[in-house]
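Protein sequences appear in the order of chains A and B.
With our numbering, letter number 67 in the first sequence gets 67, and the count goes up by one each step, no holes.
With our numbering, letter number 147 in the second sequence gets 147, and the count goes up by one each step, no holes.
In case anyone wonders, no lab produced these hints; they're calculated from the structure.
Take the hints with a grain of salt, since some may be wrong.
The list makes no distinction among identical chains, and a pair is therefore deemed to hold if it is satisfied within one copy or across any two copies.
Claimed, not checked - Distance condition first, Cα-Cα at most 20 Å in a straight line; then the derived DMTMM-like pairs of lysine to aspartate or glutamate:
1) K282 with D212
2) K245 with D10
3) K133 with D220
4) K29 with D10
5) K245 with E178
6) K282 with D158
7) K282 with E132
8) K282 with D220
2 protein chains.
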Amino acid sequence: MNSPSPHLFDEVAIVGVGLIGGSIAAAVKQRGIARNIVGIGRNRERLEAAQKSGLVDIVSVDVAATGSSDLVVVCTPVDRIAADVRAIAGASRRKSIITDAGSVKGAICHDLHGGLRNNSTFIGSHPLAGSEKTGWEHAVADLFENRLCVITPCPEDDRETVQKVVHFWQALGMRTREMSPDEHDRALAITSHLPHAVAAALASMLDTETRDFAATGFRDTTRIAAGDPNIWTGIFLQNAVPVSKQIDVFIERLTRLRDLTSLQDSDGLHALLAEAREERQKLAE
Amino acid sequence: MNSPSPHLFDEVAIVGVGLIGGSIAAAVKQRGIARNIVGIGRNRERLEAAQKSGLVDIVSVDVAATGSSDLVVVCTPVDRIAADVRAIAGASRRKSIITDAGSVKGAICHDLHGGLRNNSTFIGSHPLAGSEKTGWEHAVADLFENRLCVITPCPEDDRETVQKVVHFWQALGMRTREMSPDEHDRALAITSHLPHAVAAALASMLDTETRDFAATGFRDTTRIAAGDPNIWTGIFLQNAVPVSKQIDVFIERLTRLRDLTSLQDSDGLHALLAEAREERQKLAE
Chain A
1 MNSPSPHLFD EVAIVGVGLI GGSIAAAVKQ RGIARNIVGI GRNRERLEAA QKSGLVDIVS
61 VDVAATGSSD LVVVCTPVDR IAADVRAIAG ASRRKSIITD AGSVKGAICH DLHGGLRNNS
121 TFIGSHPLAG SEKTGWEHAV ADLFENRLCV ITPCPEDDRE TVQKVVHFWQ ALGMRTREMS
181 PDEHDRALAI TSHLPHAVAA ALASMLDTET RDFAATGFRD TTRIAAGDPN IWTGIFLQNA
241 VPVSKQIDVF IERLTRLRDL TSLQDSDGLH ALLAEAREER QKLAE
Chain B
1 MNSPSPHLFD EVAIVGVGLI GGSIAAAVKQ RGIARNIVGI GRNRERLEAA QKSGLVDIVS
61 VDVAATGSSD LVVVCTPVDR IAADVRAIAG ASRRKSIITD AGSVKGAICH DLHGGLRNNS
121 TFIGSHPLAG SEKTGWEHAV ADLFENRLCV ITPCPEDDRE TVQKVVHFWQ ALGMRTREMS
181 PDEHDRALAI TSHLPHAVAA ALASMLDTET RDFAATGFRD TTRIAAGDPN IWTGIFLQNA
241 VPVSKQIDVF IERLTRLRDL TSLQDSDGLH ALLAEAREER QKLAE
């Protein structure tokens with residue numbers, strides 16, 4: 001009798017070994033999820049340093065090195081994911097599952113709709129975890145613990161394959177939830193993309209005269225404006241329609257607050273602020 | 001030869017013994033700034049508890065008890081300060097200096113323009129310190145250490161009196177800066193009031209479907225939406241004109257970000273986000 005493999009997957013490849021990709025590698029290793037971890041990227045020097053640190057087992061700047069992997073997780077910038085998925089499918093030498101960590105799902109899923117080569121399947125994922133830090137040096141194995149991962153299958157996707165992806169994220173300690181790519185993009189536009197837009201617009205309001213006055217409130221509300229402009233330009237452009245729409249909704253709400261203030265409507269303003277406070281307090285913290 | 005008094009003031013009265021008022025009392029005591037500390041408020045029970053805890057020496061629900069004080073600091077809600085200052089001036093039995101801790105200065109200073117009774121002088125102040133906590137129980141003596149205090153004299157105010165107020169806040173460990181009430185209100189509209197408006201509008205965007213997705217970014221950007229609606233309604237209404245104006249400026253900037261996104265203007269969007277990041281990084285943290 002063969003012993004069942006102790007690992008969920010035989011070989012996991014991480015394409016894009018940054019903060020997220022590196023943390024996935026660390027978690028896979030710590031939790032014994034795969035026998036082998038492959039790291040793929042564009043900078044050989046940084047990949048070799050990651051390998052030397054023990055984060056990944058094998059490294060390569062050639063995507064063909066994912067050919068032996070049964071699970072490939074694409075952690076490159078959102079505007080490159082679809083192309084990377086195609087290249088990985090083209091190089092696949094076994095029936096592989098490809099997923100990603102991209103924070104926009106609609107553009108990617110719609111782009112890849114229609115099937116991939118070599119019997120590869122793509123199931124979109126978005127693990128909601130991270131920090132403003134970048135680079136594999138800041139990777140931590142517990143980044144995903146108790147965080148939420150959204151998996152966004154298309155209706156025609158094989159349920160067994162979807163479940164394998166769900167179980168992968170659960171094995172990293174995540175809670176999981178399935179939704180359509182479009183539902184995901186709307187939710188993320190509101191809860192992740194809009195805050196960045198708002199923080200950026202607010203941060204840009206400062207000048208030499210007012211900078212001294214920025215205290216804790218201003219700092220906290222603009223903290224995420226320090227995010228990487230490369231990453232966020234990509235996210236906004238990939239999720240342009242939902243982001244634009246939610247900015248418009250936000251502006252309507254802020255305009256209402258402004259009108260209540262100008263009109264000296266004390267009761268109306270109090271009710272609006274009380275409702276906002278209630279909503280904020282519902283967030284577990 | 002008389003020894004000079006070791007204290008900066010003989011008796012300091014704090015009207016409104018909440019977080020700010022209580023912390024001023026604690027700092028005055030810790031730093032030996034006055035011989036005697038009087039606490040005035042509306043809730044006898046809470047005042048007596050504060051007295052019992054050693055925070056203040058004498059308490060009263062009657063503003064007449066400030067009559068013996070040479071410095072009175074009004075720490076009541078912004079919409080009550082002007083009336084409280086008049087009542088204190090009316091009860092004064094010595095040439096007293098009255099200042100405040102209100103986060104809006106124009107409305108108060110313009111209201112009190114024209115002089116007070118009994119040779120009292122009012123010089124507006126705004127110590128930029130605090131937290132979302134309320135109540136004297138959360139008072140801390142070091143709340144003001146190295147924080148900025150803005151003093152907003154009117155042109156006709158006696159320089160010696162202004163200097164006494166400046167030295168008071170410096171004695172609590174604060175850095176000080178003088179500006180006109182209107183300059184102050186504009187700066188605070190941008191750096192303190194606008195962030196609250198933005199945080200509130202953002203917090204109100206959540207619903208049952210999206211609440212699960214709110215991660216660190218959303219939480220941080222909306223943290224201050226948990227502020228007291230009573231306090232913030234008062235602040236917005238007292239500073240209505242500058243707040244409305246800065247909300248409009250903010251909306252213009254956010255609209256520009258939205259337009260760059262809809263137009264898929266990658267370079268323009270990147271430049272905007274990079275500028276915002278640069279501005280945010282200038283804040284020491």
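Now for the hints, and whether the structure bears them out:
In this assembly of identical chains, K282 and D212 lie within 20 Å of each other by CA distance solely across copies; the values are 10 Å between and 33 Å within a copy. Taking the shortest alpha-carbon separations for K245 and D10, neither the intra-copy value of 43 Å nor the inter-copy value of 60 Å comes in at or below 20 Å. Proximity of K133 to D220 under the C-alpha cut-off of 20 Å is found in both arrangements, the shortest distances being 16 Å within a copy and 16 Å between copies. For the identical chains of this complex, K29 and D10 are intra-copy neighbours only, at 12 Å inside a copy versus 68 Å across copies, given an alpha-carbon limit of 20 Å.
Taking the closest pair of Cα atoms, K245 and E178 never come within 20 Å of each other, the shortest separation being 23 Å inside a single copy and 43 Å across copies. In this homomeric assembly, K282 and D158 never come within 20 Å of each other (Cα to Cα): the closest approach is 36 Å inside a single copy and 50 Å across copies. Proximity of K282 and E132 under a CA criterion of 20 Å is satisfied inter-copy only: 16 Å between copies versus 24 Å inside one chain copy. For the identical chains of this complex, K282 and D220 are neighbours both inside a copy (19 Å) and across copies (14 Å), given an alpha-carbon limit of 20 Å.
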